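S.K.: Once you have looked at the hints, place chain B on chain A.
Read off the chains here:
2 protein chains.
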Amino acid sequence: MNYRSLRIALLGAGSVGAQVARLLLEQGDELAARSGARLELVGIGVRDVEAKRDVELPRELLTDDLATLVAGADVVVELLGGIEPARSLLLDAIAAGADVVTANKALVAAHGPELFEAAEAVGAQVAYEAAVGGAIPIIRPLEQSLAGDRVLRVMGIVNGTTNFILDRMHTQGATLEEALRVATDLGYAEADPTADVEGFDAASKATILASLAFHTVVPADRVHREGITGVSAEMVAQAERTGRVLKLVAICERLGGPAGDRVSARVHPVSLPATHPLAAVHEAKNAIFVTAEAAGDLMFYGAGAGGPETASAVLGDLVSIARRHVLGGPGSPPSSHANLAVAEFGDVLARHELALTVADRPGVLAAVAGLFAEHGVSVESVRQDARDDEAALVLGTHTASEARIAAVLAALDAHDDVERIDSVIRLID
Amino acid sequence: MNYRSLRIALLGAGSVGAQVARLLLEQGDELAARSGARLELVGIGVRDVEAKRDVELPRELLTDDLATLVAGADVVVELLGGIEPARSLLLDAIAAGADVVTANKALVAAHGPELFEAAEAVGAQVAYEAAVGGAIPIIRPLEQSLAGDRVLRVMGIVNGTTNFILDRMHTQGATLEEALRVATDLGYAEADPTADVEGFDAASKATILASLAFHTVVPADRVHREGITGVSAEMVAQAERTGRVLKLVAICERLGGPAGDRVSARVHPVSLPATHPLAAVHEAKNAIFVTAEAAGDLMFYGAGAGGPETASAVLGDLVSIARRHVLGGPGSPPSSHANLAVAEFGDVLARHELALTVADRPGVLAAVAGLFAEHGVSVESVRQDARDDEAALVLGTHTASEARIAAVLAALDAHDDVERIDSVIRLID
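Residue numbers (UniProt numbering), protein chains in the order written: chain A, 1 to 429; chain B, 1 to 429.
Hints listed in this document are in silico derivations from the structure and should not be mistaken for laboratory results. Among the hints, erroneous ones may be present.
[Said to hold, decoys possible] Now the stretches of chain A that chain B is said to cover, found in silico as 3 or more residues with beta-carbon under 8 angstroms: (1) 136 to 143; (2) 287 to 296; (3) 301 to 308; (4) 312 to 325.
Here the structure is a predicted model, which is why all the values come from computation and not from measurement. By construction, the Cβ of each residue, glycine as well, lies at the ideal position given by its N, Cα and C atoms.
Chain A extracted, bound-state conformation (with noise of 0.2 angstroms):
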């Protein structure tokens, strides 16, 4: 049969980006089966043509000039990561009319706005399924399937690495040290682990996740982070002995307010009760939890990184391309419509669990319930343990805004019998 062509322009030669090539050479003729289109790979952008590769590439397919690459373009996938010059070669790429895809979460997440606007103006499609939870349909989902319903949760586990850290704490009991050193020999952590286990990741995720949830730009900047360096072995072992599991998750919520829906989106570690469906969710896995108003909740589980499987949600979205190519008519932007206001993180609502080392004698109980009831946290579960002179004091307070639980601690912090704050966790029910 005689399909027409695509030509499609390649930046990145990485785990995922040779698994693209490697299955656009491989699968031709099925592909223009299913799309009508033939996906011809014109080149391969590298920053070294000559650098050692894990997987074999045809060398006539690399160049190291990305601009007359992409200039030649009918569609750029963009795996090189990053914001520059990532951002700059897909907004030349679109303002010559081409459709692009990328897995780079962080210029989705700094840049969407951009490159969605300047897509609109001029037909053409971003595509970016594989920039959250990898392999897992998610986007497609939010912005199709649950287009006709109202989103109040997306609470996921959306990087693999902390997830393996975490898990591997609470199932073989290791240090936060110990288990990074496994997941660093394992190739699940980078050799500079901070954009995983600071939760920079995670919080361009939740960005994405939030502005597709909710139908507003929700800018990366306006992301509450907390990255799981503060998670001890202690925090593991207790959330164990109370029937939970310490998960780091992104959590975008529709709150209300007076004037209206606001929306929120932060990266923390929470505790989970052990029968939730997250609490399931082991290794370097990821999983998406959607609460919708009228679909009830929903799960998305599966890899969230590897090269096959990001390739995976690549080549989908390369596929969805050549059709509406083949079919005719403009690129479908992402709708922000709604607008709504991002909430201050202050105002947002949880349950908190606190463990305290307390002087032990009369009183402090006392001192310690009276800074709750003068910030307005209403404590629901209060434990004491007598240890040498001291107590241990951990209490599960009510639902209370993140204001009134920050000024808790400044007070707890400030008290004379508080001797230190052994862990602060936010948990889920």
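M.R.: This is chain B only, laid out in the frame that chain A set:
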């Protein structure tokens, strides 16, 4: 803002239809902002406009003249169920250039190709996200997100009624009859539960999933179907003792073969390890587990039925169709280019566990084992318990074709020393 208007005709005002009508009437502005078109509900086709309904619907929208209603619509939403008049009405609508949205799995399973061809001829769209898995996005992920991957297997809990019944047998030790009675009382089962309990509903969904996953029309009458009526409390107890859970699943599988890939779609109970993600799907929930070559394992979980839940999927389809109308371009037909052969059920491979009651005398085990050997079925495990002058024998096989297992069962049935075959269940690892 001034939007163009799309005339929506709704057929059916049952639990899903009433919710779709309510959401269209209540969320008109929001849906217009999301899609770029006003979704104007021009009529609700029902059998009896005077019938008493749970949800109040505007009297002036109700009509029993479905043909006239359909003739004036841009989009027809079909929630009548059953084959006729749904099929004829949709074909008329498509012939007139309308797009259609349907939640009717029986219709799509039996007449999908006819509807898709008719739609492709005029550039119209047939959307049916609600036909499988209720609120769970599964059609779009298979059709679009995995469009660049090679799906190896789809295994789904796609019937909430039977999952509720089996779950209750596990958690409460109930018999099938008791669990069915509770399901009926709670509204999970129809007065005539045949379609659910005998696996007809799941088989329709297997047809749809297999056709999508393998780009191949899988006729409804080629789906092997066994319901749950053969599942006894004793089988459930036996599964529990070995750390397993019984579930009714639809399995769509790509099989190798000397003349290339073949596909199989079937519905029957299986025994899953309690650690399998599908084992944790309780009550009337649905979940679909997909294994693809590059993406690996994915799971999609949520509510498989219910008025508001299913309405969410219908509205998602409606908004997607409205966006396409605004942007221009024809509908996107499903691809069936691969046209793979459908394997005979006898060629399907599985591990089986058989429980037999045999005479307790010397040589019986040897005779039974001999029957398996004679038919080329390799036995992996045997457990024998004496009971008075009988013995209970539980045999687990290695992977063997269904044809060989059927031959073994026939031979066992005819053997004098075999008192009865107590149960047969397929094992999933």
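S.K.: So, for every hint listed, does it hold in this structure?
M.R.: Comparing the hints with the structure gives:
Evaluation of the coverage hint for the segment 136 to 143 of chain A: fulfilled, as 4 residues show C-beta separations to chain B shorter than 8 angstroms, against a requirement of three. Using a Cβ-Cβ cut-off of 8 angstroms, 5 residues of the segment 287 to 296 of chain A lie near chain B, which meets the minimum of three, so the contact claim holds. A stretch counts as covered by a chain when three or more of its residues have a beta carbon under 8 angstroms from one of that chain; for the segment 301 to 308 of chain A and chain B the count is 5, and the coverage holds. Look at the segment 312 to 325 of chain A against chain B: 11 of its residues bring a Cβ nearer than 8 angstroms to a Cβ of that chain, three or more, so the hint holds.
Every hint from the earlier list agrees with this structure, and none is contradicted.
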